[in-house]
Amino acid sequence: MQAGPPGRRARLRLSGLLWRRPWLKALALLTPPLAAFLIIYIGSLAVVFISSFWSVNAFTSEIEHTWSLANYRLIFDTSQPYLHIALRTLGIAAAVTVTDAVLAFPLAFFMARLAGRRTRAILFVMVLLPLWSSYLVRIYAWQTMLAHNGAINWWLNKLGLPDQNLAYTNAAMWLVFSYVWLPFMVLPVYAALERIPDSYLEASADLGARGARTFRSVILPLALPGLVAGSIFTFALTLGDYITPVLVGGPNSQMIGNVVYDNFATNVPLAAAFTLIPILTMGVYLVIARRLGAFEAL
Amino acid sequence: MRRIRKKYVLGAVVLAAVVTAFAVAAATVQAGSESVSSGLPTKIGKGEGRLNLLEWPGYSDKSYSSKFQKQTGCTIHRKDAGTSQEMFGLMHANGGGGGGQYDLVSASGDASLRLIYARDVNPINIKLIPSWKQFLPVFKSPPHNTVNGVHYGVSVQWGPNTLIYNTKKVKPAPTGWAAIYSKKYKGKLTVPNNPIQIADAALFLEKTRPRLGIKDPYELTRAQLAAAVILLKRQKPLLKRYWNYAADEITSFANGDVWMGAGWPYQTLALQGAKHPVPVKEIVPLPTTGWADTWMLASKAPHPNCAYLWMKYVTTPQIEAKQALFFGETPVNPKACPYMNKEQKGACAAYHLNVPKSYYKKIKFWKTPVPTCGWTKTQRCMDYNAWQQAWTQIQG
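From first to last, the protein sequence lines are chains E and P.
Following this note's numbering, the numbering of the first sequence begins with 1 at its first residue and continues without gaps.
Following this note's numbering, the numbering of the second sequence begins with 299 at its first residue and continues without gaps.
Among the hints, erroneous ones may be present.
What the hints assert, rightly or not - According to the in silico footprint, chain P covers these stretches of chain E (three or more CB under 8 Å from chain P):
1) 29 to 36
2) 46 to 53
3) 64 to 72
4) 142 to 148
5) 250 to 256
Treat the hints as calculated values from the structure; they're not laboratory data.
Where a beta carbon is used, it is the ideal one built from N, C-alpha and C, also for glycine.
Same shape as in the complex, but just chain E (with noise of 0.2 Å):
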């Protein structure tokens, strides 16, 4: 071995071991971000999934550790209401997304292909600023804006129409579910749609085409993947959100979170197999996003 001192030498006989060993080097990389992520993200779904099949102590409301399939007959029984929230949860969450999607793109498609630099710029800022305030604020600003005699009411009557009574129903959580995730679904559409080149417009209308054969045929396609990137960020929020329902929602306005929500102290299994639902809801979204080319835009 070569002189020096100690330490160089232990480094060149480690130095030496991984270059002889190459799956010792791989393990070391690899291992300790792997199992990391595996540990903290799908170690704790599966601690989730698993104690959905436990039991809970009726006095304590320590789990027990029986296995049963009690909490998915529960769920998936027809009399109770599980199946029907989990519904309505999907229902919104899609309506949302497309209400996202429609309102999205021509913003969008403004933003990165007519819009000066400048404007450009000020419609950046103006789609994001909402986010820079609280979540909550932007909720509550709703709720007051929706009230009885709040400010849309006003405007309604100052145009001779009458009081709408949108306050704590399923529409009103679906205007601030699209108000709130709007700028999500701005920012990958624009994306997708800066990178359409301009050539590709041109050749179409050399084709013959006019504006709505070339949306359909060119520009759509094009766009899809951002389309789809920016609704899994609607889907995915919705699907999980409990706050909106709790303060604009109505009577018959419970959603997935709110029930994780009322069960997570007392009750952790039933509210695990419920989880269950969006998790195997969003699995099956990501399989097709990706297929769609999704993840390709972001």
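Once you have looked at the hints, place chain P on chain E.
Structure of chain P alone, referenced to chain E:
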């Protein structure tokens, strides 16, 4: 750097997965939590210099707690909770007993028994709190914080559940709880979003359907619970919304969304005293339900002496009066009456503190539903999780 071979990547994934599997197994094999059972202290020792409170917001406001901090040297660190669920969750997490993070929790009756049975709170020596002797008899050893004669905390404040109505919109004035089950003001009613509301329905059924045999609105058999659920499902279309926080109900009354509903004196006084006062009045149709808060000692409390000093301080008449007027609730110590009237004329009556003792017999204070029935040995009663599932079903 050369790319890492695929088989080595797979090997690393397998190793990481094995490590994860061990971690998951370790997490799911629960270590039994030791219950620290030591004898009750016979006197309050020296303060430890710090007090961690898990409280309803405002329960240790500086206006009446700064003197305590000066006198005892116990600096107060607060964690505010919004609902009983949150309180129970925080006390039960991290191995229970407050996880070593909290000394006292101001639990309402719908959470207190859960905390006791989950061994998250320890018994206290009630003799160390001299004001206890002055308490109204109904709050000395109430079933929601005293089990088999053992005190698991000291009552601090209470409030009745009242029927609040807008005097301009609701004519004639309502006389009983039947008003919130009737179609007359459909779409303009509100009730709290809390499974303990089932007890209100049960109390109503106790009078209107005596054949159900309801003896205690918090101890319901399966059939009695089902009947209460049916009543509440019939009530749901009459509601504008369920309110979750007191501020929600205040907003709903103030902006005209709601004309009548179940609430607390806190909301009524806030609406009447607002900058643009709302014309509301409240009635307390007896029998009614009520809530009562208890300061309970966490079983893993790091500063028990400061905890006892706080319990002793906050139950004295002057501080009871101060807290009651600040928060909008009623003291358990009737000696607070003159202090309340000194700060605010007629406060004692407005908070229903000067009523005869028979009044309290007609208030059924919140109690966590547990599987054993106190009034029958032959039937099983529904536990809190059954109530929670019933409430989820009502909400739909």
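Taking the earlier hints as the rules, which of them does this structure contradict?
3
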